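Next come the chains, spelled out residue by residue.
There are 2 protein chains.
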Amino acid sequence: MPRIIVQKYGGTSVGTTDKIKNVAKRIKTYHDRGDHVVVVVSAMGHTTDELIELADKLNSNPPRREMDMLLSTGEQVSVSLLAIALDSIGVPARSFTGSQVKMMTDGNFSNAKIEMIDRTRIDEALGENKVAIVAGFQGIDKEGNITTLGRGGSDTSAVAIAATLGANECEIYTDVDGVFTADPNKVNGAKMHERITYDEMLELASLGAGVLHSRSVELAKNYDVVIHVRSSFKDIPGTLVVSEEKLMEHIRVSGVTIKNEEARVTIPDVPDKPGIAAELFGALAKADVIVDVIVQSSPSNGKNTISFTISRKSVKEALPLLEKFVEANKTGKIELNEKIAIISAVGVGMKSHVGVAAQMFKALADNNINIEMITTSEIKISCVIPEAQGKSALKAIHDEFI
Amino acid sequence: MPRIIVQKYGGTSVGTTDKIKNVAKRIKTYHDRGDHVVVVVSAMGHTTDELIELADKLNSNPPRREMDMLLSTGEQVSVSLLAIALDSIGVPARSFTGSQVKMMTDGNFSNAKIEMIDRTRIDEALGENKVAIVAGFQGIDKEGNITTLGRGGSDTSAVAIAATLGANECEIYTDVDGVFTADPNKVNGAKMHERITYDEMLELASLGAGVLHSRSVELAKNYDVVIHVRSSFKDIPGTLVVSEEKLMEHIRVSGVTIKNEEARVTIPDVPDKPGIAAELFGALAKADVIVDVIVQSSPSNGKNTISFTISRKSVKEALPLLEKFVEANKTGKIELNEKIAIISAVGVGMKSHVGVAAQMFKALADNNINIEMITTSEIKISCVIPEAQGKSALKAIHDEFI
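Residue numbers (this note's numbering), protein chains in the order written: chain S, -3 to 398; chain Z, -3 to 398.
Where hints are given, some of them may not hold.
No distinction is drawn between identical chains; accordingly, a pair holds when it is met within one copy or between any pair of copies.
Below, in silico cross-link-like pairs of lysine to aspartate or glutamate (EDC-like), each with a Cα-Cα straight-line distance of 20 Å or less [stated by the list, open to error]:
(1) K312 x D114
(2) K109 x E240
(3) K326 x D265
(4) K320 x E124
(5) K15 x D52
(6) K329 x E275
(7) K347 x D14
Worth flagging that the hints you see were computed from the coordinates, not collected in a lab. Just so we're clear, the structure is a prediction, and the values are computed from it rather than from any experiment.
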């Protein structure tokens, strides 16, 4: 049986016809050695943004069904161009829309979830020794309407196809070399991982490491698909994202990331009554304000202090809601700090290594960095610190552990 | 029962977002008065050419299936943008790809023929008081591959939908005011028809009057769909294309057209044996050389002279084939005249009015224009003349009849 390889190329990897030619050459090396290759492609470069701009000129609040109809053309252009490029170097290929491979999703336009993929047409193409090229990011609902999976959804398409086909590997080609212990642009000595676990990747992705779409990692974890993050421009091994059992040894800290542009909100003297937190965060969620770190002190005299972080650009939207909450519940005055950052260390090894948190706090203290809030999960420790000290905090923690 | 109106807007009518807004406003007036409106749209402006250019950079001979996959995105962009524009002025709309309305075609990529349309989804949209917007130019074959109908195919899509729905009218919006007795840019005093027959329109279209795609006119004739050619920029009545019975009186000449950039080929002393014409024109057809006027003299001494016209740019391709024919059949030397034009007068009235041809030849003679070849059909008379005299010939014949 030939190996089945699923490869996904992002928008920057197919941004020009020359780049498409390079992608075609890379696919050819796999096809020539007898692999069955299924390729998932995103829209070229800034196509999606350009289409959104066109729609914006017509309607400030365009219907989501029609936006999905519009945006899905970007990937359709990429898949056909890639098939055309492959044909010119003698590699038979066949492109497919989401509709053609029955990438069935729910009807939640612009953020649809994949429910099922019909592998028939992909298998047919592979059986004819053709490369199957599938448009990422798009699917269809039960009525045959075109849906899209949300930004970065092509990663999810690729992993879903790999899971459906039982592929040996899902290669995600991108413009970085792999997954690093910290952003190499910010931290000297950041190292590339050979392997990392799904959970670490999930924590890193949600912290803004930005290499993989979180949903794709969750899906890969659920179906045990090995994700291989690689550069589409260099021929280097990259990083494998695997299950915990496939890692021989668990290093304590596999990545350090920082999230800037955050704001901290503190509300003192919140009455300690059931449902009060739900009331507060429910109101924010309704207005699409994403809350990250939440810390609530133990009650004293029937009053709590609740602190949480939101992105700085959502402050304007959040404040009126918070003031309504303050008035309704007669809490203390809102304290707002818009000059904070969140620094996090992630590592599966934390589960079995004690003292990681203490070591992290000490590294920050040694560098005179004040910790304003702390939260921990099984594999992550996050500290809210003054934004001005973000860079030195990143370096201190990276040096300490890696 | 509300009236069902099918409207088709060409690429220039939806070339910019401002133009799309205008189209939306026009549709709104129909929707507001209770009509059921189905709209067929072409790709915006030069989109199709730009996509072809991208493909050309990758492959000088791209697979036709993949070209259809690529080009069909142009119409998909237009239909979604139009739906978005309609929504912004309060008109509910729903866009559909060829696949979604099951515009079933044969599998002849880039020049597919429509076999059937499923009206279910269009009827659903109309039943919900929505404007149904269907991507022109595209369909799907039995396997679900995307096909296209060839250049100008959106006219055909619109007429096919009108026929399927039993629509009262198929309005074709374009950048000209209607169908004229001659090209108004070339002939002073050219008049716009209120009505014209399918057959006249067919002769005029194939002669390069260029308002309607011939296939759409044939289809309209077969299904008795009234085509209404109108300007998308002005609010004027335009021209109705109808069956012969719907014309009260048949004027003798309804249009005069000229085709430039033609070349005449004469082969003398062709042996008068069965199959010789088939041999000659079969070879040209195989090389996709389109032959227009053909004249064969009566045989004398077992030899014929065969003359015909081809487009000037296909001369280079045709010559080697013709020389092969000459050698194989020991005919006389090829005579080539690359400075000719074909002028034609078209009119259903010719059938019942005698002397139209004689009157046309006299008008040319009175202006010292030499006629090199003549062919006639029931409703058309064509003369090959020197290209330099084209303009005065056009004026002479137009003045004579109109």
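Of the hints given before, which are not true for this structure? 1, 2, 4, 7
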